[in-house]
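These protein sequence lines are chains A and B, in that order.
The first sequence maps to residues 180 to 293 in our numbering.
The second sequence maps to residues 655 to 770 in our numbering.
Hints listed in this document are in silico derivations from the structure and should not be mistaken for laboratory results.
Honestly, I wouldn't trust all of these hints.
These stretches of chain B come out as covered by chain A in the derived footprint (C-beta under 8 Å, 3 or more residues) [stated by the list, open to error]: (1) 692-698; (2) 731-741.
When the alpha-carbon atoms are kept at most 25 Å apart in a straight line, the in silico DMTMM-like pairs for lysine to aspartate or glutamate are as follows [claimed, not checked]: (3) A/Lys-247 x B/Glu-758; (4) A/Lys-237 x B/Asp-739; (5) A/Lys-228 x B/Glu-758; (6) A/Lys-228 x A/Asp-264.
These figures come from a predicted structure and were not determined experimentally.
The C-beta atom is built at its ideal place from N, Cα and C for all residues, glycine as well.
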Amino acid sequence: AQSVTQLGSHVSVSEGALVLLRCNYSSSVPPYLFWYVQYPNQGLQLLLKYTTGATLVKGINGFEAEFKKSETSFHLTKPSAHMSDAAEYFCAVSEDTGRRALTFGSGTRLQVQP
Amino acid sequence: DAGVTQSPTHLIKTRGQQVTLRCSPKSGHDTVSWYQQALGQGPQFIFQYYEEEERQRGNFPDRFSGHQFPNYSSELNVNALLLGDSALYLCASSLDSGLGTWDEQFFGPGTRLTVL
Chain A
180 AQSVTQLGSH
190 VSVSEGALVL
200 LRCNYSSSVP
210 PYLFWYVQYP
220 NQGLQLLLKY
230 TTGATLVKGI
240 NGFEAEFKKS
250 ETSFHLTKPS
260 AHMSDAAEYF
270 CAVSEDTGRR
280 ALTFGSGTRL
290 QVQP
Chain B
655 DAGVTQSPTH
665 LIKTRGQQVT
675 LRCSPKSGHD
685 TVSWYQQALG
695 QGPQFIFQYY
705 EEEERQRGNF
715 PDRFSGHQFP
725 NYSSELNVNA
735 LLLGDSALYL
745 CASSLDSGLG
755 TWDEQFFGPG
765 TRLTVL
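Next comes chain A alone, as it looks inside the complex (with noise of 0.2 Å):
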């Protein structure tokens, strides 16, 4: 069975600093990782994700994140954070491709003070 663990429910930066949001997952084969984003009110947005081959992943809004198999992580980095960021991030995993069952994280709130 697969799982996903996120360290740290709450995350606080200032604007302008690294936003660093922790992720951890278990699969028994090869997974497919995902970052999604939700902000107030609305539904999840895909930042990111990893499926095969550059193990650095670039996403939208300056997030990149780096599938390390050996350490079984897939954490998100922004270098410099912006007000606009403040929002909850969810952490993913499938066995399959993506349009089969995803396996989310218990999410961060990521707040931002100015």
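Use these hints to put chain B onto chain A, whose structure you have.
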């Protein structure tokens, strides 16, 4: 393109009642998945519909059922509502491109169900 739409936006029911939630997929999409997101939690997969049939199901009781119509829209039905069914119900649509491909799931804004 309107994207994925869901109705109603909010719903209040009492224990024991039945509820139907509706989802219209993004134009051109043929696959609909439903997720339950309890307060403070990540979404949990309920089931996925493709070609009007349930293709995959998560760990939810039979009280949760669904349907997909020929126009690819979908309904989620929950019978005998429990307090614990209170959650945001998210619908996601995608286009099935075939085995070995990855199809992005586009999420709707959700229906907030409150069970009293």
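Hint-by-hint comparison with the structure:
1. Figure legend: the stretch 692-698 of chain B, annotated as covered by chain A; annotation consistent (5 residues with Cβ-Cβ distances under 8 Å, at least 3 required).
2. A stretch counts as covered by a chain when three or more of its residues have a beta carbon under 8 Å from one of that chain; for the stretch 731-741 of chain B and chain A the count is 0, and the coverage is violated.
3. Restraint check: the Cα-Cα separation between A/Lys-247 and B/Glu-758 comes to about 22 Å, which is no more than 25 Å; the hinted pair holds.
4. For a cut-off of 25 Å, the pair hint linking A/Lys-237 to B/Asp-739 is broken: about 36 Å separates their Cα positions.
5. The hinted pair formed by A/Lys-228 and B/Glu-758 meets the criterion: a straight-line CA distance of about 9 Å does not exceed 25 Å.
6. For the suggested pair A/Lys-228 and A/Asp-264, the alpha carbons sit about 18 Å apart, so the restraint of at most 25 Å is met.
Going down the numbered hints, you'll see the structure goes against 2, 4, while the others check out.
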